[in-house]
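S.K.: If you want the building blocks of each chain, they are given just below.
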Amino acid sequence: MWSLFTSHASDFLTGFGWTILSSVIALIGATILGLGFALLQIVPNRAANIAGKIYIEIVRNIPLLVITMFFYVVVAKVFHLNGFVSGTIGLTLYSSAFIAETIRAGINSVDTGQYEGARSNGLTWWEAMRYVVLPQAIKLVIPPLGNQFVNLIKNSSILAFVAGMDLMYQANMISQTTFDTFGPYIIVAIFYLMLTMPLSYYMRYLENKLEN
Amino acid sequence: MPSKMKKRILGLALGSLMIGGLTLGLASPTVQAKSKEEPKNQTYYQIKKTHKMQWGVKGDTKLMGLMDIKTGKLQGFDIDMAKEITKRVDPKAKPVFTQITSGTRIPMLLNGNIDAIIATMSITPEREEVVDFSKPYFKAGQAILVKKDSKIKSIKDLNHSNMKILAVQGSNSLQNAKKYAPKAKGSALQDYATALTALQSGQGDALTTDSSILYGMAVDNKDTKVVGGNFTDDPYGVAMAKNDPKLRHAINHAIDDIKADGTYDRLAKKWFSDVPGMSWKEVAE
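These protein sequence lines map, in sequence, to chains L and U. Count along the first sequence starting at 1, add 352, and that's the number in the working numbering. Count along the second sequence starting at 1, add 8, and that's the number in the working numbering.
Think of the hints as simulated: they come from the structure by calculation, not from any bench. Hints are not guaranteed to be accurate.
Claimed, not checked - On the chain U side, residues computed to face chain L include the following (Cβ under 10 angstroms):
id	residue
1	Leu174
2	Gln183
3	Gln198
4	Ala276
Stated by the list, open to error - Pair ranges (Cβ atoms, derived):
id	chain 1	residue 1	chain 2	residue 2	range
5	U	Asp228	L	Thr530	31 to 41 angstroms
6	U	Ser179	L	Thr366	29 to 39 angstroms
7	L	Thr530	U	Thr109	18 to 28 angstroms
8	L	Asn413	U	Arg274	52 to 62 angstroms
9	U	Asp228	L	Lys429	16 to 26 angstroms
10	U	Lys278	L	Arg412	50 to 60 angstroms
Quick reminder that beta carbons are idealized off the backbone N, C-alpha and C, glycines included.
Throw the hints in and build the complete structure from the sequences for me.
M.R.: Written out as C-alpha cells, the structure reads:
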C-alpha cells in the first residue's frame with residue numbers, strides 16, 4: 353500500500369489538491385447561495401417566496417450526476433466549461449439547495465416572539481433578521497450545516513465522472529494502470545477522511561462553544 | 009399481457025439461463041485438458057463430413073457483427089467474411105453462427121463449441137500461444153474520431169498542450185495515444201456514449217479507441233468523422249484451434265481468394281463506404 357502511494361504520490365496529491373479546491377469553492381458558493389435562497393423563501397414577498405421554493409425543489413430533487421452532466425455536455429455547447437468547472441458548479445448548486453433548506457429550518461425554529469418583539473421595537477424586517485433572528489438561528493443550524501459540509505466534500509467525487517482530475521478520478525486511473533482495484537481506493541478513502549474528520553470535529557467544537 | 013409475448017419472455021429467460029450455464033460450464037478445466045493425443049485436423053474433417061462450419065461472431069459491434077433486433081439476423085463485415093470463407097473451405101457447407109463475447113470466445117473455441125472465431129480479434133503474441141491465427145484479414149488499430157468541422161488531420165496534430173484527447177476508462181487507449189501526442193492532455197470518461205457526447209460538446213478535440221468502434225460511431229453520428237487512419241497496428245485474424253493445419257491452410261487460401269476475385273473489395277465497400285472520413289480501401293491488410 354505504501355509503495356503504491358509513493359509510486360503514484362504526485363497523482364494522489366494532484367487529485368487531493370483538485371478535491372480541496374473544488375470543495376472550498378463549492379463550500380463558499382453554496383453557503384452564500386443557500387443563505388440567499390433561504391432568505392428569499394421567508395421575505396415578506398410572495399413572488400420571491402415562490403421563486404426560492406421552485407429553485408430549491410428542482411435542484412434538490414435532481415441527482416447531482418444529472419446536474420453535473422447538464423453543465424458538462426449541454427451548457428458546454430454554448431459556454432466552454434471543462435470537467436472541473438462543470439463539476440464544481442454542479443456541486444455548488446446541488447449543495448446550495450440543501451443548505452438553503454437547513455438555514456430556512458433554523459430561522460423558522462427561532463421563536464416568532466423574537467421577530468415580533470424586534471419589529472414592535474421599531475426595527476425594520478431586515479434589521480430584525482440581521483440583529484435578532486439570524487444570530488439565534490446560526491446556533492441552531494451549525495450541527496446540520498456541518499453535516500451538509502461533510503456531504504459536500506464527499507460529493508465532490510462527482511468530478512471523477514467528468515474527468516475533473518479529483519481524488520476519485522486519480523484512483524480510477526491508477527487502479528486501471530496497476531490492476532490493483534483495492535489499494536488506490538483505500539488510499540483515496542484516507543485522503544477523504546483527512547478532509548472530513550477535522551471538519552466534523554471543528555463543527556462539534558463550534559457547537560459546544562456556542563452553546564456555552 | 010398477450011400469451012404470445014409471455015411465451016417470448018419465457019423463451020428469452022430460458023435462453024439466457026442456458027447461455028449462463030454454458031459459460032459457467034466452459035470455465036471448467038476441461039479447456040486445458042484437450043491435448044496432444046487428439047488426432048490432427050479434427051475440425052477440418054468434421055466440417056467436410058457434416059457440411060457445417062460453426063463460427064463464433066460478435067453480436068454487438070456495429071459494422072463488424074451486429075444482431076439486427078427486428079429480423080434477428082446477424083450482420084456485418086465479419087459475418088459476410090465468414091460466409092465467404094465457409095463457401096471456399098467446403099462448397100457444400102453452411103455457416104452456423106454463435107454469438108460470443110471477447111471473454112468467452114477462446115474457451116468456446118478450445119472446448120469445441122465453435123470451429124473458428126471471426127470477431128474483431130486482434131492477432132497478439134499472447135493469443136498465439138493458445139490458438140492459431142489465419143493471415144490478417146482486416147487492418148485494425150487505434151484511430152481518432154473528431155468533429156466534422158475540426159482542423160485535426162491526424163494524431164500528430166494533437167501534440168499541443170492546448171489539445172485534449174478523450175478516451176474511455178478501463179482500456180489503455182489513452183496511454184497509447186499519449187505516446188504519439190505526449191504534450192496533449194487526456195480525459196478518461198465512463199463509457200463510449202459519454203465520451204462521444206463529450207466530444208460533440210467540445211470537451212475534447214478527439215476521441216480515441218479501436219478504429220472499428222469509431223467507424224460505427226461515425227456512421228451513426230454524422231457530425232463526426234474518423235481521421236488519419238490507424239496509428240497502431242493490431243490487425244484482425246481468424247482464430248482456430250491449434251493442431252489443425254489443414255483448416256488453417258484452407259482459411260488462408262480462402263482469404264487470398266476472397267481478396268483476389270474482388271469479393272473483399274465488394275464487402276469492404278458495402279460496410280465501410282458510408283463511414284465519414286474513411287476510405288473503405290484502408291481496411292485491406
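S.K.: All hints are to be evaluated individually against the structure, with a verdict given for each.
M.R.: Quick rundown of the hints versus the structure:
Checking Leu174 of chain U against chain L by beta carbon gives a least distance of about 8 angstroms; that is within 10 angstroms, so the hint holds. A cut of 10 angstroms between beta carbons decides the hint on Gln183 of chain U: the least distance to chain L is about 7 angstroms, and the hint holds. Residue-level restraint check for Gln198 of chain U holds (minimum Cβ-Cβ distance to chain L is 6 angstroms; threshold 10 angstroms). Checking Ala276 of chain U against chain L: minimum C-beta separation of about 34 angstroms lies over 10 angstroms; hint violated.
For the pair Asp228 of chain U and Thr530 of chain L, the supplied restraint of 31 to 41 angstroms holds, since their beta-carbon distance comes to about 34 angstroms. Between Ser179 of chain U and Thr366 of chain L the beta carbon distance is about 22 angstroms. The supplied range of 29 to 39 angstroms is therefore violated. Taken as a hint, the range 18 to 28 angstroms holds for the pair Thr530 of chain L and Thr109 of chain U, whose Cβ atoms sit roughly 25 angstroms apart. Distance hint for Asn413 of chain L and Arg274 of chain U: a CB-CB separation of about 56 angstroms, consistent with the stated range 52 to 62 angstroms.
Restraint check, Asp228 of chain U to Lys429 of chain L: a C-beta distance of roughly 19 angstroms satisfies the suggested window 16 to 26 angstroms. One distance hint, 50 to 60 angstroms for the beta-carbon pair Lys278 of chain U and Arg412 of chain L, holds here, with the actual separation near 53 angstroms.
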